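Residue-level listing of the chains:
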Amino acid sequence: MIGLAHTGKTFRGRDGAEVEALRDVSLSVADGEFVAIVGASGCGKSTLLRLVAGLVPASTGTVTLQGQAVTAPREDTAMVFQAPTLLPWADVLRNVTFPLRLMGKAGSDTEDRARALLATAGLKGFETKLPSELSGGMQQRVAICRALLQNPRVLLMDEPFGALDALTREEMSLELLRLWGERRMAVIFVTHSIPEAVLLADRVVVMSPRPGRIADIVEVGLPRPRSFDQEGSDEFQRCARRIRDRIFGERRAAAA
Amino acid sequence: MLLLWEAAVHAFGIREFILPAPSAVWTATIAVWPTVLNHTLATLVTVLLGFAASVVISLPLAMLIAASPAISAALYPLLVVTQSIPKVALAPILLVALGANELPRIIVTFLVAFFPLVVASVAGLLATPPELIELGRACRAGRVQELVRIRLPYAVPFVFGGLKVAAALSVVGAVVAEFVGADAGLGYLIQTSMAFFRSPLAFGAVLILAVMGILLFQAVALTERLLFPWSSGAQTGAPPAA
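For the protein sequence lines, the chains are A and B, in the order given. Heads up, the first sequence is in this note's numbering, so the first residue is -10 and it goes up one at a time. Heads up, the second sequence is in this note's numbering, so the first residue is 111 and it goes up one at a time.
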């Protein structure tokens, strides 16, 4: 279980001025739960992810994983970035196994597991290709395989489909749900897309900017497995409208 | 171009010591070929040793500079100083200090060639995308692992950009050194030929130098393609030649 209790983060800018990125965020994510985080740019979504990843320390409050304070990156946490962030000199297979090799945890079965994982992600036959030979969607698939190969307890995704075209994005969303369904790790998924958040998540955390705070948490009552057919359902529309109201309502209030 | 040159020399009756025709250059060079070959080999040795010195010294230097802003602040001004001093001025001093042997020539070659290599390598080491560094940190990589497994490979295309510039500049450096103090080499050959208005032979030496530069450049490019095939197509940032 992931727990944030009154967590805040303040950065010191280049000019010495302090920027409060997050204030008093309290959230807990259960094992195997899929939580999406939506909000306008600058609402601290990515910062929240990096706090859970142990990449940046919290300024106030605590971040815990399975009851232990997160002070550094952990082996049971994996991250997927907006850019595929693949090593340009390594082929697909070596990219997927890179984290395990880096952590000295690669075993004799690592390569076989990587091949199997790539196959389930539709990348069979691309094992020896270089990233530059793949499309953007395929590169991001490799990045997701790389994260999944670590068998993480927690998967952190920072707008993973943000750089993809709309069609690839929809396809990848369903694929992600399938892969998650087989493994059931906790996922924190940062996105700009409200429909994407509703389609994927058990709960959607709506954040408001400057400083980043939790404005609302929306429970998505759609049955699983999810599909795009559900977009027309009343529950989907209710969730999407509520999230939209939270985000744009805040903006209207700020503009008034 | 050679034909145009040949034709122009004959058509306008240009005198040989001002601009020799390609045919005259060829004849003059072939006539003393064993001597020319000796000079070429002498220059090649200086070029290769100077280039090798640049590589061996520049890469660790670049790693130091990239590793810490403090070291960078301390070293960069010194490096710039070495670049601001004209090597032609430095060469005689080195010659007196180190004696009339190969060493001062190698040092001059190195001084001319190493700077762009350092600059390009530092740029490469610092150009690693922050996400890649974050990926390394998320995988609990230490600083050494980060350097060896992420930053260094990422810098390879940049390093090769610098190597190509350094290869061409090594030829320049070697000739500068030979102009000042040498009893062999193509630079020496050019100087002695011109002293006797033997322009065709001097032109021949210049052409051999050009070919040497091209071959060295191509050798670097070929090495890159063979050893790092992914690098050739990658974006590189070679700085302008000093």
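Calculated from the structure, these hints are not laboratory results. Predicted, not measured: the structure shown is a model, and the values here were computed from it. Keep in mind that the hints are not guaranteed to be accurate.
In silico contact screen, one side only, chain B against chain A (beta carbon under 10 angstroms); selected entries [claimed, not checked]: (1) 249; (2) 250; (3) 260; (4) 266; (5) 338; (6) 340; (7) 341.
With beta-carbon atoms standing in for the labels, derived distance ranges [unchecked claim]: (8) B:240 - A:56: 45 to 55 angstroms; (9) A:-10 - B:162: 50 to 60 angstroms; (10) B:333 - A:55: 25 to 35 angstroms.
Take a look, some chain B residues computed to stay more than 12 angstroms from chain A by CB distance [unchecked claim]: (11) 134; (12) 136; (13) 171; (14) 187; (15) 245; (16) 255.
A virtual CB, placed ideally from N, CA and C, is assigned to each residue, including glycine.
Check your understanding: Quick check: which numbered hints come out false for this structure?
Key -> 8, 10, 15 and 16
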